[in-house]
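A.B. asks: Take a look at the letters that make up each chain.
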Amino acid sequence: MINKVGILLMLLWALVGCEPAPSTHGFAGLGSDATGFAQVEPDAEIGYPEALNQHPDFRIEWWYVTANLESESGETLGIQWTLFRQANSPSPQREGWANQQLWLGHVGLTRANQHFSADRYARGGVGQAGVAMDPFTAWIDHWAIQADDQAREFTLTAHTPEFSYDLVLAKVGPPVLQGNQGVSVKSPQGQASYYLSLPFLQVSGSIQIGDETLSVTGEAWLDREWSSQPLAEDQEGWDWFSLHLDQGDKLMLFRLRHRQSQDYFSGTYISADGTAHPLQPNQIRMQPLRQHSVAGRRLPVEWQLSVDDFGIDLRTQALNPNAWMATGIAYWEGPIRFEGSHSGKGYLEMTGY
Amino acid sequence: MLQVTHLAKSHQTPQGPLQLFSDVHFNLHAGESVALMGESGCGKSTLLHMVAGLEQADKGRILIADQDICQMNDRQRSQLRRDQLGIIFQQLNLIPSLTIYDNLVFQARLANRVDDAWLAYLVASLGLETLLTRYPAQLSGGQQQRVAIGRALAARAPLLLADEPTGSLDEVNAEQVITLMLALVKETGTSLLMVTHSSLLAARLDRSLTLSQGQLK
Amino acid sequence: MRLRMPSLWILHALLSHWWRHPVQLSTLVLGLLAATALWSGVQALNQQARLSYDQAAARFDSLNQAQIVSAGDQPIQESEYIRLRRLGWAVTPLVEGVLSLEILFKLEDLPEKDVKIQIVGIDPMTLQSLNRSDQGSTGLPDNLSLNDFLTPPWQVWMSPATAEGLRPLLAKAKADGFPFNPQGEKVSIHTSTALAHNELITDLYLAQHWLGMEGLLSRLLLLDADNPSALPEALASTLRLVRPQSDHDISRLTASFHLNLSALSLLAFLVGLLMVYSAIHLALTQRLTLRRIVFSCGVSQRELMAWLLLELLLLSGLIALPGLVAGYWIATLLLPDLSASLAGLYGAQVSSELQLSWQWWQQGVFMAWGGTLIAAIVPLIKLIKQDGVHLGQSMPSLNDQRRLKGLSILGLVSLLMAVLTAGLGQSLLSGFLLLALVFLSAALLMPVILDRLLSLCQRSAKSMITQWLWADARLQVPNLSVALVALLLALSTSIGVGGMVEGFRNTFTGWLDQRLAAEVYVRTDSEGQAQQVTQWLAGTPNVTAVLPSARAATQLEGVPIELRGFQVHSTYVDHWPLLSEAPQVWQAIESESAVMINEQLARQLALNLGDSIALQGMQQREFTILAIFSDYGNPKGQVMMSLDTLYHNWPDAERGSFALRVEPSQIDGLISALKETFGFTGTQVLDQQAVKRYSLQLFERTFAATQALNLLVLAIAAIALFSSLLTLSNMRLTQVAPIWACGVSRRHLVLIELLRLLALALITALLAIPLGLIISYCLVNVINIRAFGWALPWQMFPHQWFYLTLAALVSAGLAALIPILKLHFCSPGELLKGFRDDQ
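Those protein sequence lines, which keep their order, are chains A, B and C. Position in the first sequence (first residue = 1) + 44 = the numbering used here. Position in the second sequence (first residue = 1) + 1286 = the numbering used here. Position in the third sequence (first residue = 1) + 32 = the numbering used here.
It is worth saying that the hints were derived from the structure and are not from the lab. There's no promise every hint is true.
Claimed, not checked - Which residues of chain B face chain C? A few of them, derived with a C-beta cut under 10 Å, are:
1) Arg-1367
2) Gln-1370
3) Leu-1378
4) Asn-1398
5) Tyr-1421
For each residue, glycine too, the CB sits at the ideal point set by N, CA and C.
Chain A with its partners taken away, still in its complex shape (with noise of 0.2 Å):
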């Protein structure tokens, strides 16, 4: 889940308009150093629902929102829904339009044979974007996620001019956390971030496509990250997967990609009851397998994945190789289907290509 932030840093750098150094301060500038913004700490208590809250004093977070759906008629669907923080200067706040947050919505929709995208931006101070609690809700504009009182039921809506949904997700299996209690480290020098997933979300709802409309069920997934300098300088993108496995299990897997060193791994094995097996690098295998070409680039769409100290062995398949986010910054984005020693369906993001 560091992906996002990077394409955070990515998309204003590019209005910004000049292009990152590249080798200086990693990937589009997310290991530029953070001074005056809050550090993540080993062994800092993350709880539930707080974890949702936004951290201002943090340079950046999201909210992640990825779900595997089916259509009354049978069709495989996936939609996606992030929102974005970023901080241009440290705490403390500036009120107003003055405000230093800067935020960014994406929102996608993948069948096989269509994809879209879209993308929304505003500043903090006035209103237009932001994160409240009690209970929780976070938006840009009219796309927002909101939460009942206890955070136990979420809507989830999105509205562009090619499509729109209206969800409804039910948490039904505890939150779990990242890595080592929450902290996920990003690189061998101990980059980190706050990592927390809600990955047991049933899902209901309706889905506009055009003039179609679309009943849909459904599994989905959670994820809030936050940190302030999350990647080391040469790392230049990532793969990064969430997967719900057919028993009830799920998985969480990333490489990060160093351009001068060995690729950096990462995962948690999170049994049916919420148990979290964080995983450590060498216990897991990501081998990309065939490649596709979409918008002028090549990537792996096709991926072998195995961690053999929990049986897995699998062979994941896009359900449309063209999820192409063709956002501010592009990447690709998009529901998987898996087959091996176990079947199940998740969401892959591959960015840096």
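Mind docking chains B and C on chain A? Use the hints.
C.D. replies: Just chains B and C, lined up with the frame of chain A:
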């Protein structure tokens, strides 16, 4: 050096085509000098121009250094002129905007055969030392013709074609120029074909041919 | 010296000609220089204007934008903006205001009281994101860094000229005014030529601060909606959706203006090319000897041709560069006038700083090359066709006769085509084609006419000497004809353009007197203020009449037009400049809601008196036209009706303009009282004299470029004549020598020589007058109507002809000076040379 066989040429006139000659033959050996004589309008200048590749023959062959100039295209003929021929007209032989020196070396430069020692010798022989930086308009007719001879010889072309080179000069000047030219021709072993109407002049060459009523004798 | 490529010596020989003939070279240089400079100068102006239009059209606050404004007098509340965003409306906020320097800097006693700064606050986040969807540019500076723009101390962007203007004030700025942010830090100032003059672009945060608009927004731009839906009900009472005005396509409006300039610059280019032609022609003729020698030394025809072309391209390429620099300079000189007149005529903002693309330079060089090749093609073909060996024993008299015959046939054909073009075709382009054909015919027929005239003179001459004078002049015509044609074209253009401008000026001043009958004009800011002003005026004794007017915009047959309501009053009845009217028109307008339309609209839609037009009024859909009035300088169609008719049918018409009748002695007092009472600026209250001054100033600036170009063309023609004569002067000796030998003194010869040239110039000038009149007729009755939509009376100005004829004579006299002095001071020996055969 030069072999002309079965050469025919007619001119277009308002009264219809006029046959100048229909079957002309002659040879010119290396180092030989030949005068070409005949009445005005008999076609002797045309014959010379055809040898120079400046005018096209209707029929026949003109071999210069064993190459048939009649079979050549414009570019090849030009190349042949540049390498093998030196041509002197009756007047207006010089490029008005170039200095005497630049005129003198013009063809040698084009043929890429500039030989400074030879040039110096030519300049001295032709008495042009003091004139090199002048322009043609500042020279007398005789001086201009001397420069023209120098230009034709500077590139060491094996065949010199002269069309009444002294025709526009007074007697004294003409004598001077022709003497210089013949001396240099002999000295260098250059072949010479010269059109003239003066039998006195013709007598100073190895032999002379007369074109009359389309026949060469 | 040895060259890698021996053939380069051919180029050396070719070029040597120019060094030996500096007059020819300078003719070529001057001709090409002038052609390139004038052409590229005007192109630079046009390009700059087009660039400015594009920038304006691409700007975030372009008038082509759908937007949301406040329904009342109050600005929009921020909460209303957020509400719209949260409803999914793709809007971006703007905070705008105009501040005087005094208020902006919070400084007192500033010398420049009238300078007003437009402050525009933007939110780059919403502006950028919305813009990305349509791939356009926002009109924001390319090098704007979002992070810096949004981070303390924040940024302000302005044009370099504005920055230059503000620099002295920045030093004495106080911490509570500009350029300090609310925290008291100095903001960083950046410049970009993409911005208009006296405009500051900054973040919304700072704009609100400096304008005192915290929590408020001026308007919201709607960026993605092609077809905006209705506003939500809760906001509909406070906000108003304004749909894009498609009529504001400035480049379309100004196209005719630029076409005019282009046509004139093309003419200048052609006159320059005539010089180039004569230089090249002469150079090639004089290089026949060279050609024969080069040929006999073993250079093929084709190779020589290639070198000749290369030589010309080389020379013209080298000349084109300084020509372009000169063009740039001309453009810089003309740009201020051009931007002023474009702003006045069309409201088009043209940046007064010239920015040129590399394409402009490239185009200029290609134009020079193309022109040179066109000028060279005939001489080159002649050279090739010439026998390679024999120096052409041409028979000039015979050739000339044949040439004249050919020219007269071509000239008549072109004349016929001109007549056909005049009859057919309604577009501006066909109008210019007509002009071009008239010029072409004149150029072709000129030598023929001149020849006939001279032979007529020759026959009627009594004495031997005068007979020789004319015969010799006739002999000179072929050599001088190019220069004389250049002079003819330049003179007739001067007469045509001068007549048109002068005629327009007469008409325009007369029209202004009629149209600006009221003494004082007031424009208020709002409805409320308008009411206050009305009340205040009612209590002011010196005002004899208050004539309110209002305006609204609508469309007629798809053409955007302006509606104007006015109060029928003797001021209008006595003075309004009507071109045609039905009887009892004023009563009809007052009581029967009849209307009058301006000339532009009448011509554009072919409307006549008594016609009905369909307008979408609230009460009424049909309006009868009872008068047509002239409306110079207005690019738009206009319909005038009584105020009551306008209010009944267009209740939301923009009110608040007044014309006031005042005793002349009271004008100044009233104006200062109005300014004092209501805080009006100098542009809101105007006295008649000021409006007239402004209009006339605008008029002058509009034609400043035209007249400057015109003068330059004339100068080029004079130079062409001069260089031709100078070139000929050497040949003249040959021709004059026999006369001298026959016992005519040199003094006498000089006199005859001068007389002959003056006679040629005089004849040319006399021929130019009718041609100029034809051109001015085309301009006022064809081009003007098609370009601007109004006709002008075709007036004649003999004093202009007189001055131009005088100018032609003087320039011919000056041009003849050097050759004649040469003749005067030449030794008998040199004259004797004329008898020699060579050279």
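A.B. asks: Please go over all the hints and tell whether each is borne out by the structure.
C.D. replies: Now for the hints, and whether the structure bears them out:
no., hint, in the structure
1, Arg-1367, "holds, 4 Å"
2, Gln-1370, "holds, 9 Å"
3, Leu-1378, "holds, 5 Å"
4, Asn-1398, "holds, 4 Å"
5, Tyr-1421, "holds, 7 Å"
In this structure, every one of the numbered hints holds.
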